[in-house]
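**Q** Listed below, chain by chain, are the residues.
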Amino acid sequence: MSENRTTDEGRRQFLGGTLALGGIAVAPGVFLVNVAGAKPADQPVTDKVRWGLLVDTTRCADGCDACVRACQEENGWGGPDSNEVKSSDEQKAQWIRKVHLRNKQTGSTHSLPLMCQHCEHPPCADVCPTGASFRRADGIVLVDKHTCIGCRYCMMACPYKARSFIHEELHGQKVNAPRGKGTVESCTFCVHRVDNDREPACVEACAAEGRRALIFGDMKDPDSEISQRLKRLGVRQLRADLGLNPGVHYEGV
Amino acid sequence: MARFSALTGRTAALAAVLALLSAPVLAGAPKPEIPRGKGDQCVEPTEVMRRHHMNFILHQRDETMHRGIRTKKHSLAECINCHVPKAEDPARQVHADSPKHFCSSCHTYTAVTIDCFGCHSDVPQETGVAKEDLVVPVHGSAPALDLEQEAARMVQAGGKAE
Ligand code: SF4
Ligand code: SF4
Numbered sequence: 000m001s002e003n004r005t006t007d008e009g010r011r012q013f014l015g016g017t018l019a020l021g022g023i024a025v026a027p028g029v030f031l032v033n034v035a036g037a038k039p040a041d042q043p044v045t046d047k048v049r050w051g052l053l054v055d056t057t058r059c060a061d062g063c064d065a066c067v068r069a070c071q072e073e074n075g076w077g078g079p080d081s082n083e084v085k086s087s088d089e090q091k092a093q094w095i096r097k098v099h100l101r102n103k104q105t106g107s108t109h110s111l112p113l114m115c116q117h118c119e120h121p122p123c124a125d126v127c128p129t130g131a132s133f134r135r136a137d138g139i140v141l142v143d144k145h146t147c148i149g150c151r152y153c154m155m156a157c158p159y160k161a162r163s164f165i166h167e168e169l170h171g172q173k174v175n176a177p178r179g180k181g182t183v184e185s186c187t188f189c190v191h192r193v194d195n196d197r198e199p200a201c202v203e204a205c206a207a208e209g210r211r212a213l214i215f216g217d218m219k220d221p222d223s224e225i226s227q228r229l230k231r232l233g234v235r236q237l238r239a240d241l242g243l244n245p246g247v248h249y250e251g252v
Numbered sequence: 000m001a002r003f004s005a006l007t008g009r010t011a012a013l014a015a016v017l018a019l020l021s022a023p024v025l026a027g028a029p030k031p032e033i034p035r036g037k038g039d040q041c042v043e044p045t046e047v048m049r050r051h052h053m054n055f056i057l058h059q060r061d062e063t064m065h066r067g068i069r070t071k072k073h074s075l076a077e078c079i080n081c082h083v084p085k086a087e088d089p090a091r092q093v094h095a096d097s098p099k100h101f102c103s104s105c106h107t108y109t110a111v112t113i114d115c116f117g118c119h120s121d122v123p124q125e126t127g128v129a130k131e132d133l134v135v136p137v138h139g140s141a142p143a144l145d146l147e148q149e150a151a152r153m154v155q156a157g158g159k160a161e
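Taken in order, these protein sequences are the chains called A and B.
The numbers in numbering that gives the first Met the number 0 rise by one with no breaks, and the one at position 35 of the first sequence is 34.
The numbers in numbering that gives the first Met the number 0 rise by one with no breaks, and the one at position 39 of the second sequence is 38.
In short, the hints are calculated from the structure, not lab data.
Incorrect hints may have been included.
[Stated by the list, open to error] With beta-carbon atoms standing in for the labels, derived distance ranges:
#, chain 1, residue 1, chain 2, residue 2, range
1, B, Leu-57, A, Gly-233, 43 to 53 Å
2, B, His-94, A, Val-98, 33 to 43 Å
3, A, Glu-168, B, Asp-61, 23 to 33 Å
4, A, Glu-72, B, His-94, 19 to 29 Å
5, A, Thr-146, B, Ile-33, 23 to 33 Å
[As the list claims (entries may be wrong)] Which chain B residues stay away from chain A? Per the calculated CB distances, all over 10 Å, these:
#, residue
6, Gly-27
7, Asp-39
8, Gln-40
9, Pro-44
10, Glu-46
11, Phe-55
12, Arg-66
13, Arg-69
14, Ala-76
15, Cys-81
16, Lys-85
17, Glu-87
18, Ala-90
19, Ser-104
20, Gly-117
21, Ser-120
C-beta: ideal position from N, C-alpha, C; glycine also.
Use the sequences and the hints to build the structure in full.
**A** So this is what it looks like as C-alpha cells:
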C-alpha cells in the first residue's frame, strides 16, 4: 500500500514536472510534446541530445500504415494525390515504408516500418561529394537540398534503401518540407517538429491508433522512455554488423 | 595617396550603382506593381531589404538547415506569410509563376531568376510554430547594417563577378 502510494506520488510528480515544462500528457506516459529537447528557437542544436526511435514490432500491426500516411500528409509526398505525376511507382519518393518479414523456417511474420535509420556514421554523408548529406549535432541525418547536385551516390551508399530522388518539377510542397526536382530526400525525423518540441508525425499517428509501437526521444537522457526501453532484451538495430550505429532500433525482430 | 584614390574609386562606383538602382534606367519597361505586405514595417528598413534580402535569407538558410536555428525574423516562410496574400479560393491563389506574386513582381522586372520556389512553398501556410514566436521583433537583435559599407562591399563583389 505504502509502496503503491510512493509510486503514484512519484508518477504524479513526474507528470507534474513535465507539465510545468510545457509537456502535454494525453494519458499517463503518452506525451504529445517531448520536453527533453526544449530548445529556444535562436539556439543551435547540440550533441547533448541524440534523437532516436524505437519500433516495437510486437505492437506494430500487419496491414496498418498509419505511420506512412501521417508522414505523407506531414511532408507532402506520395499518397493518392502525389505531386509526382510523371514518375513511375518505382521512381516515386518513399520516406517510410512498411516491410513484412517472414521467417521461412518457422513461418513467423513481422511487420515493421522502415525509414532513414539516422546512422551515427552515415555512409550517405561519407560519399556525398558536396557535403549536402550531413548529420546534425543531435544525430538527425538530412540532405541540404541547396547544395545537393542530384548525383545519387548517397542512394547507392545507404544500406537501408531509405532515400528517394525527385525526377520532376513539383508543386504544392509543404512549408515545413521543401522538396524539389533534382535532389535526394529521406526521412528527416520531422526535424521541423523536433525543433519545436514535438514528436515526429509517424510517432503521433501510431499513438493515435492506440498502438504506441513507435517511441521517440533523446537516447542520451538516461531517464527518457526510449533510453529505458533500449535496455530491454530483444532490442536491436537492423544490420548492426555494419557498425553504422543507427538511431532507429527495433524490438521483437 | 594610393589609399585616397582607391577610396574615391569606390565611392564613384558606389554612386554609379546607387544611381543605377534608383534611376529609371529601364525607361519604357513598366515598373513592377509590388503588392503591399501585412503590417506597417518589414523586419528591416525597406532600403535594406531591397538590396540585402538575399543575404538575410541565405544566412538564415544555413543556420536553420545545419544548426536548427528557427527564428522567424529572416525566415523565407515568414516573408511569404506577410507578402503573399492567401486567396479564399485556391484556384485564384497567386503563385510564383505570376508577376503578381510579391517576389516575382521585382524579379521579373530585374530579370533575375530565382529557384527558391522549385522546392519552397510560394504561398502562405501554417508552420505549426507557437503563436508567440511569430511576433517579429522589428529592428530587433541583428546588428545594424552600415548601408554604405554594405553597398560598397556588394559593388566590389559584383565587380569581381563580371
Ligand atoms: S539510413 Fe541511409 S540515408 Fe539514413 S543515415 Fe543511414 S545511410 Fe544515410
Ligand atoms: S545526391 Fe545530393 S545528397 Fe546525395 S550524394 Fe549526391 S549531392 Fe550528396
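**Q** Hint by hint, say whether it matches the structure.
**A** Do the hints match the structure? See the list:
1. Between Leu-57(B) and Gly-233(A) the Cβ separation comes to about 48 Å, which falls inside the hinted range of 43 to 53 Å.
2. Distance hint check for His-94(B) and Val-98(A): the Cβ-Cβ separation is about 38 Å, which falls inside the suggested range of 33 to 43 Å.
3. Glu-168(A) and Asp-61(B) have their C-beta atoms about 25 Å apart, which keeps the hinted 23 to 33 Å range intact.
4. Our hint of 19 to 29 Å for Glu-72(A) and His-94(B) holds, since their Cβ atoms are close to 22 Å apart.
5. Checking the proposed 23 to 33 Å range against Thr-146(A) and Ile-33(B) shows it holds: the Cβ atoms sit about 31 Å from each other.
6. Listed as a non-interface residue, Gly-27(B) keeps its Cβ farther than 10 Å from every Cβ of chain A; the least gap is roughly 33 Å.
7. Every Cβ of chain A is farther than 10 Å from the Cβ of Asp-39(B); the closest lies at roughly 24 Å, confirming the non-interface assignment.
8. Every CB of chain A is more than 10 Å from the CB of Gln-40(B) (nearest about 21 Å), matching its label as outside the interface.
9. Chain A leaves Pro-44(B) outside its interface by the beta-carbon criterion, the shortest separation being 22 Å against a cut-off of 10 Å.
10. At roughly 26 Å from the closest C-beta of chain A, the C-beta of Glu-46(B) stays outside 10 Å, upholding its exclusion from the interface.
11. For Phe-55(B), the requirement that its beta carbon stay farther than 10 Å from each beta carbon of chain A is met, with the minimum near 15 Å.
12. With a cut of 10 Å on Cβ distances, Arg-66(B) falls inside the contact zone with chain A, its closest approach being about 4 Å.
13. For Arg-69(B), the condition that its CB be more than 10 Å from all CB atoms of chain A is violated, with the nearest at approximately 5 Å.
14. Here Ala-76(B) does not stay apart from chain A, with its beta-carbon only about 5 Å from theirs, under the 10 Å limit.
15. Every Cβ of chain A is farther than 10 Å from the Cβ of Cys-81(B); the closest lies at roughly 14 Å, confirming the non-interface assignment.
16. Lys-85(B), annotated as away from the interface, keeps every beta carbon of chain A farther than 10 Å; the closest lies near 12 Å.
17. Against chain A, the non-interface label of Glu-87(B) holds: every CB pair exceeds 10 Å, the least being about 17 Å.
18. Consistency note on Ala-90(B): stated as away from chain A, and its beta-carbon is indeed over 10 Å from all of that chain's, at 13 Å minimum.
19. Chain A leaves Ser-104(B) outside its interface by the beta-carbon criterion, the shortest separation being 20 Å against a cut-off of 10 Å.
20. Look at Gly-117(B): its CB is around 4 Å from the nearest CB on chain A, not clear of 10 Å, so calling it non-interface is violated.
21. Not every CB of chain A is more than 10 Å from the CB of Ser-120(B) (nearest about 4 Å), against its label as outside the interface.
Comparing the model with each earlier hint shows violations of hints 12, 13, 14, 20 and 21; every other hint is respected.
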